[in-house]
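Visitor: Given only the sequences and the hints, what does the whole structure look like? Please build it.
Each residue of the sequence shown is one higher than the one before, starting from 1 at the first, in UniProt numbering.
Worth flagging that the hints you see were computed from the coordinates, not collected in a lab.
Any given hint might turn out to be false.
DSBU-like, lysine-lysine: derived pairs with alpha carbons at most 30 angstroms apart [to be verified]: (1) LYS20 / LYS182; (2) LYS64 / LYS20; (3) LYS134 / LYS61.
None of the values given here were measured: they were computed from a predicted structure.
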Amino acid sequence: MEDANFIIRFLNWLMSFDRKVLILAASAIGAGLAMIAGIGPGIGQGYAAGKGAEAVGMNPKAGKQATMVMLLGAAVAETSGILALVVALILLFGNPIITQEGAVLVLAASAIGAGISMITGVGPGIGQGYAAGKGAEAAARRPQYQSNIIRAMLLGQAVAQSTGIYALIIALVLMFANPLIKLM
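Guide: Structure below.
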């Protein structure tokens, strides 16, 4: 019972703020949460760079091929971080939620939810970096198959990016076409 009273007091306190202030505060939190997705690309690109360096050390004659595969793969691994950055920038500079009519708490929660959804980008970033690292290793072992290795790596990375794209869609729906407001 005490927990329920705390929640009610907390919600009443939140609702005491101006509508726009509450939504902007939630948007700031959502933007910060969205950027947590940068963890994945950081880990993935670090893995790819480490494997690229290892591949060059393993076969210096194939260093050019291994480095090319690593760089291409690491660039793709950054996409989930870029998607999260787009959502964070929209929440901070082009926030469509401010102009929507509806329950303030639903709109504020939507802003936070948009940011939280982008945390999904951690997975694709790590997975794509792993693929880039393995691609660099393969190119060092068999440099004559560089184009085949890149093709397979990019195809796998494209599939791995799907969850990051799903998160972007949910974030954009929460910000631009919020179906929850229509239920009010």
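Visitor: Please list, smallest to largest, the hint numbers that this structure does not respect.
Guide: 2
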